[in-house]
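Add chain A to chain F, keeping to what the hints say.
Residue numbers (UniProt numbering), protein chains in the order written: chain F, 1 to 195; chain A, 1 to 90.
For the record, the hints were derived by calculation from the structure and aren't laboratory data.
Here the structure is a predicted model, which means the values were calculated and not measured.
You may find that some hints are simply not true.
Each computed SDA-like pair below joins lysine to any residue, with the alpha-carbon atoms no more than 20 angstroms apart [what the hints assert, rightly or not]: (1) K19/A <-> S12/F; (2) K19/A <-> N10/F; (3) K19/A <-> A13/F; (4) K83/F <-> M20/F; (5) K23/A <-> S45/A; (6) K19/A <-> L65/A; (7) K19/A <-> L14/F; (8) K83/F <-> S45/A; (9) K83/F <-> L65/A; (10) K108/F <-> N148/F; (11) K83/F <-> L62/A.
From the derived model, a few chain A residues whose C-beta atoms are all more than 10 angstroms from chain F [unchecked claim]: (12) I5; (13) F41; (14) P67; (15) H74; (16) K77; (17) E83.
Here are the computed distance ranges between Cβ atoms for each label pair [stated by the list, open to error]: (18) Y31/F <-> E16/A: 43 to 49 angstroms; (19) K19/A <-> F86/F: 48 to 54 angstroms; (20) A44/F <-> V35/A: 48 to 54 angstroms; (21) L24/A <-> M150/F: 35 to 41 angstroms; (22) A31/A <-> R123/F: 54 to 60 angstroms; (23) R55/F <-> V35/A: 55 to 61 angstroms; (24) D102/F <-> R26/A: 31 to 37 angstroms.
C-beta atoms are modelled at their ideal positions from N, C-alpha and C, and glycine is treated no differently.
Okay, here's what each chain looks like letter by letter:
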Amino acid sequence: MHTIYSRINNTSALLSTCLMCLVGAIAVSSYFMTTDPRGTIGVASIQVFPGNARRYVNKQQDFAFLHFNVSADLTPLFNWNTKQLFLYVSAEYTNPQGIRNDVVIWDKIVRRKEDANITITSRNKYTFRELSSTFRNIPPAHYSLKYNVMPYSLATFHSNMKGGVLGSPSSGRMTYRMSYKVVIGFLGGLLFAGL
Amino acid sequence: MNEYIQSLLEGRIDFEGQKVVEKLARLTLIAVTAVSFILGFALQSLRVTFTLLGASVILLSLVVLPPWGAYNRHPVKWLPPIEKKPAAIS
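Just chain F, with the same shape it has in the complex:
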């Protein structure tokens, strides 16, 4: 501590330790702030049309068009460590060959707490088609609303809000309660390994 350089060195060394501890404490604190947000996804209609994809002009394919409404109150997910939320709708079904499919058909990024109370009527944002080119003989799909929490400090949360089972080519209107599941991300593990 005798010269100005050694003082800068010592103080900044301690500062970096303090910062690491602070960031770690912030990450740890968000593990204790678990919430159970509620939301519903209702499917208004599912229609399947044959058509051509732009890429494969000569291939006849089935395209599914899903109209749905989503209402969810995600405000409790916004704590001090929440940067943004990634909200998405996925269609899960097992095809006759026994292969599990999980297709993301719509998503939304929620950046602010003020925008986290969501009521949306929409249709699928991304093309929904089957690899085998037809939805014939495909069992009913399970549509679910899911979200990821992206925090400022390191730990990544992945959570599910389950929707309901719906007939695949027919239409129906159903609402389901969400369940909540937290999987602590890889980066969270990295943080604790680093500390």
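Chain A in isolation, oriented as in the chain F frame:
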């Protein structure tokens, strides 16, 4: 002149000053980190946490880094030089 500039750049302080600076820096940094965490948690705002921490660090570096006069009040008192040559041992 060269020596003067060098002493200005180095900003040396005495032993007592070093002790004070070390204690002050350690206490302040740890306390400020704890306080900013608690305050940010209470207000649920990371902005509060890091503004408080940053402002405190700037203030602390202003107090601690320059060689203020208070850190140079206890200069080392050297013994007077011994003039006489010690007697040779026969």
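To see whether the hints hold, each was checked on the structure:
In summary, the hint linking K19/A to S12/F is supported, as the alpha carbons are separated by about 17 angstroms, within the 20 angstroms threshold. A C-alpha spacing of about 13 angstroms is found between K19/A and N10/F, which places the hinted pair at or below 20 angstroms, so the restraint holds. With a CA separation close to 17 angstroms, the supplied pair K19/A and A13/F stays within the 20 angstroms bound. A threshold of 20 angstroms between alpha carbons decides the hint, and for K83/F with M20/F the separation of about 19 angstroms falls inside it, so the pair holds.
Distance hint between K23/A and S45/A is unfulfilled; the C-alpha atoms sit about 30 angstroms from each other, more than 20 angstroms. Straight-line distance between C-alpha atoms of K19/A and L65/A comes to about 13 angstroms, which keeps the hinted pair within the 20 angstroms bound. As the CA atoms of K19/A and L14/F are separated by approximately 16 angstroms, the hinted pair is consistent with the 20 angstroms bound. Distance restraint check for K83/F and S45/A: the Cα-Cα separation of roughly 11 angstroms lies within the 20 angstroms cut-off, and the hinted pair is therefore satisfied.
A C-alpha spacing of about 35 angstroms is found between K83/F and L65/A, which places the hinted pair above 20 angstroms, so the restraint is violated. With a C-alpha separation of about 11 angstroms, the suggested pairing of K108/F with N148/F holds against the 20 angstroms cut-off. Note on K83/F and L62/A: the hinted pairing is violated, with a Cα-Cα distance of about 33 angstroms set against a maximum of 20 angstroms. Its beta-carbon lying about 13 angstroms from the closest one in chain F, I5/A satisfies the requirement of being farther than 10 angstroms from that chain.
A cut-off of 10 angstroms between C-beta atoms contradicts the statement that F41/A is not in contact with chain F; the least separation is 6 angstroms. Consistency note on P67/A: stated as away from chain F, yet its beta-carbon is not over 10 angstroms from all of that chain's, at 7 angstroms minimum. In this structure H74/A is separated from chain F by more than 10 angstroms, as the shortest Cβ-Cβ distance comes to about 13 angstroms. The Cβ of K77/A sits about 17 angstroms from the closest Cβ of chain F, beyond the 10 angstroms cut-off, so the non-interface label holds.
The Cβ of E83/A lies farther than 10 angstroms from every Cβ of chain F, with a closest approach of about 30 angstroms, so its non-interface assignment holds. For the hinted restraint 43 to 49 angstroms between Y31/F and E16/A, the CB-CB distance of approximately 45 angstroms keeps it satisfied. Checking the proposed 48 to 54 angstroms range against K19/A and F86/F shows it holds: the Cβ atoms sit about 52 angstroms from each other. Our hint of 48 to 54 angstroms for A44/F and V35/A holds, since their Cβ atoms are close to 52 angstroms apart.
Distance hint check: the CB atoms of L24/A and M150/F are about 39 angstroms apart, consistent with the given range 35 to 41 angstroms. A31/A and R123/F have their C-beta atoms about 56 angstroms apart, which keeps the hinted 54 to 60 angstroms range intact. Taking the beta carbon of each, R55/F and V35/A are about 59 angstroms apart, inside 55 to 61 angstroms as hinted. Between D102/F and R26/A, the C-beta spacing of about 52 angstroms breaks the proposed range 31 to 37 angstroms.
When each numbered hint is compared with the structure, violations occur for hints 5, 9, 11, 13, 14, 24.
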